[in-house]
Amino acid sequence: MAASGTTLSDIVKRHEADLLVDWVAALRAADARRDDLIRESELREQCREFLSLFGPAVAAGTDDVRTAAWDPVRELLAGISRSRAQQGFSPSEIASFVFSVKRPLFARLRQELGGDGGRLADEVMAATAALDQLGLYTTEVYQTSREDVIRRQQQEMMELSTPVVKLWDGVLALPMIGTLDSGRTQVVMESLLQRIVETGAEIAILDITGVPTVDTLVAQHLLKTVTAARLMGAECIISGIRPQIAQTIVHLGVDLQGVLTKASLADAFAVAMRRKGLRVVKDAGRGSDVGGRGLDRT
Amino acid sequence: MPTTSPDAARAETLSIAVEADVVRVRQAVRTRAAALGFSIVDQTKVVTAASELARNTLKHGGGGHCRVEPVTAGGRVGLRLVFEDQGPGIPDVRLALTDGYTTGGGMGLGLSGSRRLMTDFDLWSEVGKGTRVTVAKWK
Ligand SMILES: Nc1ncnc2c1ncn2[C@@H]1O[C@H](COP(=O)(O)OP(=O)(O)OP(=O)(O)O)[C@@H](O)[C@H]1O
Ligand SMILES: [Mg+2]
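Chains as they are written, first to last, in my numbering: chain V, 1 to 298; chain W, 1001 to 1139.
Hints listed in this document are in silico derivations from the structure and should not be mistaken for laboratory results.
The beta-carbon is built from N, C-alpha and C at its ideal position, and this holds for glycine as well.
Any given hint could be a false lead.
Restraint ranges, calculated between C-beta atoms of paired labels, are given here [said to hold, decoys possible]:
id, chain 1, residue 1, chain 2, residue 2, range
1, W, Arg1116, V, Glu198, 38 to 46 Å
2, V, Glu40, W, Gly1062, 39 to 47 Å
3, V, Thr199, W, Lys1139, 47 to 55 Å
4, V, Ala270, W, Leu1014, 39 to 47 Å
Partial selection, computed: residues in chain W whose CB lies under 8 Å from chain V [to be verified]:
id, residue
5, Val1018
6, Glu1019
7, Ile1040
8, Lys1045
9, Arg1080
10, Asp1092
11, Arg1094
12, Gly1106
13, Leu1109
Pulled out of the complex, with its shape left as it was, chain V reads as follows:
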């Protein structure tokens, strides 16, 4: 179909300027409320670039946009799609960037080939095939870029939600929050063991106040962590076992006999202090009110 390929690309080339005007106008009309998201000059530049790449790609004679001839067009659209996804456009708004060139383009085809119904139909079909695939392609890029964002956020959350904090010299605490499924538990365990090595901590408190469900998998991970920490010379205390969790663990049949457990993180901390031979005493000279200097307490 070399002859028809030439025609479509010729027409695009010859009418580039007025196609651009009509296309930009159509986009502006459709996205009136998007004025704030994208500047007219930027939009015009994107349209101009698309038209300048579309013509040569069509001229290559294939309307399968996955082929190398279409690489520059796909690259351009991928960039546009990604930046619009970030700007908050919806997938259909992004795809309509491509689809909205159809009307002005078909008008030019009609103007040029109007007399030859057969060829007009051929060109419209070829253009439609390519533009439809390109529209879908922008949706694919959109989807992938969203998935990347989700994956990155999950990764960040994993790290965010497992901070190992130092409560005192030699005393670490790991306040766990949320679901402890395989992937996360691995991160939790590794970061704790790492910190035990770095700090030479003797006591590590695993606080599960924020863990909604303790099933056999979570229990097994906890017990493995306790065992591994022990091998590295640190004793673990599991704290934050709420009454309903305690009852459930018992019914489940999980044996926490060999592990020191405490109801709250404060209780666990008190145990840790005692183990280290430390005591918290009240300063007799100071009042309990913030900022009080205790001067008037004689």
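The hints should help you fit chain W with the ligands onto chain V, whose structure is shown.
Using the frame of chain V, we list chain W with the ligands on its own:
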């Protein structure tokens, strides 16, 4: 008094194909149990049993689905959960229900523990066909 919305009375089926589905099952079961007015302790028990059975469906049964179904009988309200898969099945059901028995490096407490956490417990399994565990908790 918790309000029981019409939605809370409808049965719902959730697929179990990936790890995240186990979390979804837990959340759905917790929402239902809370809507039916279960105590916090009973909610926790039901959710924990659901977590065990959903993970078995995924890990041992190769995936399947879970039906979450509010039920009433003799004026009592309950929550029934049905876990079903078309996996390898369990050759010796009695053995599988023994505390500490595991073929997958677990604690071997999921099945037996779920039986203790729930009021009703029924296990059907046929080698080569699959496994169905039906449990219920009554208020
Ligand atoms: N849906 C199932 N399909 C096939 N085999 C199963 C299924 N559910 C349980 N089993 C078998 O029964 C055994 C006991 O299950 P159970 O849940 O008690 O322990 P587990 O899953 O091995 O460990 P965990 O304590 O972590 O749950 C499993 O190891 C497995 O061999
Ligand atoms: Mg199990």
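Results of checking the hints against the structure:
1. W:Arg1116 - V:Glu198: 38 to 46 Å: With Cβ atoms ~41 Å apart, the hint holds.
2. V:Glu40 - W:Gly1062: 39 to 47 Å: violated, 56 Å
3. V:Thr199 - W:Lys1139: 47 to 55 Å: holds, 49 Å
4. V:Ala270 - W:Leu1014: 39 to 47 Å: Roughly 43 Å apart at Cβ, these two residues keep to the hinted range, so it holds.
5. Val1018: Check failed: Cβ of W:Val1018 comes no nearer than 11 Å to chain V, outside 8 Å.
6. Glu1019: holds, 6 Å
7. Ile1040: Constraint on W:Ile1040 satisfied, holds at 5 Å.
8. Lys1045: holds, 5 Å
9. Arg1080: violated, 19 Å
10. Asp1092: violated, 19 Å
11. Arg1094: violated, 16 Å
12. Gly1106: holds, 6 Å
13. Leu1109: holds, 5 Å
Hints 2, 5, 9, 10, 11 from the list above are not met by this structure, while the remaining hints are.
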